[in-house]
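Listed below, chain by chain, are the residues.
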Amino acid sequence: MTFETVGFWVVAAVLLAGSLAVVLTPNLFHAVLYLAAVLVATGVMFLLLGSPFLFGVQLLLYAGGVVTIMVFAIMLTERLVGESIRQTSRYIVNGAIVSAAVFVGIVGFLLQSPAPAFPPAIASDTTAAIGRALVGPFVVPFELLGVLLVAALLGAVYFARTED
Amino acid sequence: MGLHAYLVVAALVFSIGLFGVLTRRNAVGILLGIELMLNAVNINLVAFSRFHADLGGLIFTLFTISITVAEVAVGLAIVIVIFRVRRTIEADRLDLLRG
Chain L
1 MTFETVGFWV
11 VAAVLLAGSL
21 AVVLTPNLFH
31 AVLYLAAVLV
41 ATGVMFLLLG
51 SPFLFGVQLL
61 LYAGGVVTIM
71 VFAIMLTERL
81 VGESIRQTSR
91 YIVNGAIVSA
101 AVFVGIVGFL
111 LQSPAPAFPP
121 AIASDTTAAI
131 GRALVGPFVV
141 PFELLGVLLV
151 AALLGAVYFA
161 RTED
Chain A
165 MGLHAYLVVA
175 ALVFSIGLFG
185 VLTRRNAVGI
195 LLGIELMLNA
205 VNINLVAFSR
215 FHADLGGLIF
225 TLFTISITVA
235 EVAVGLAIVI
245 VIFRVRRTIE
255 ADRLDLLRG
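Quick note, the sequences are listed as chains L and A, same order.
So in our numbering the end of the first sequence lands on 164, straight run, no missing numbers.
So in our numbering the end of the second sequence lands on 263, straight run, no missing numbers.
Excised from the complex, chain L in its bound form:
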């Protein structure tokens, strides 16, 4: 058992347990906290796959930004006292059947394909390679991403503003 194998199974266990907690816990606020754990575990998964830059992006944007605005949305839409923050689910059996069918479909597809060998790393430093690619062949989508973020920011402010 190498360090990477042990790390993978630990992270996978945290990821799956956290995901189940996100969809099953009745308290929505707790669900967001479990989602934060899942997002950090995903970041560690990126680290195991040899891209520390994406680990940093995942922590900053997801675990930092998305979780924070989720918490804000819950606080703005739920009355924190009383029962309203607890919520029940519906169609649990149907949902379980559909998701199990999707999972079986994906795994069945995977079993038909051969597993590729573990190749040597792309570059010694993937962060530098990503940086060069972003200002090289991917510069137009990169700039469009900036425009999209400004548009999303303006849209969110426009929607959430008060009338007066």
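A hint or two may mislead.
[As the list claims (entries may be wrong)] Facing chain A, a subset of chain L residues (Cβ under 7 angstroms, in silico):
(1) 22
(2) 116
(3) 152
Note that these hints are calculated values from the structure, not bench results.
Beta carbons: idealized from backbone N, C-alpha and C, even for Gly.
Got chain L sorted already, so can you dock chain A onto it with the hints?
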């Protein structure tokens, strides 16, 4: 670890997220499920990028992460507006457009 181990874990997370989207009543809960599904896809992209030694997967993951953040910001703004107008964000009761 082989590529298939990563893909199976990602498929499990995707299915769990789908279950959340289908069963949650609350609109914020549905958004949480969508987040899980997008994360599973990101794991797939990074795993493929590593095992095929191609940088494209990492760049694509960077783009999906940023676009997801934009999507969540706009989605939650819409949820807040709906809450202001209807005083509820239960998806079952938002049937204004029902024919």
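Tested hints:
The closest approach between the C-beta of residue 22 of chain L and any C-beta of chain A is roughly 6 angstroms, which is under the 7 angstroms cut-off, so the hint is satisfied. A hinted interface residue such as residue 116 of chain L counts as satisfied when its beta carbon comes closer than 7 angstroms to some beta carbon of chain A; here the least separation is about 5 angstroms, so the hint holds. The beta carbon of residue 152 of chain L is positioned within 7 angstroms of a beta carbon in chain A (closest approach about 3 angstroms), and the interface hint is therefore held.
Of the numbered hints listed earlier, not one is contradicted by the structure.
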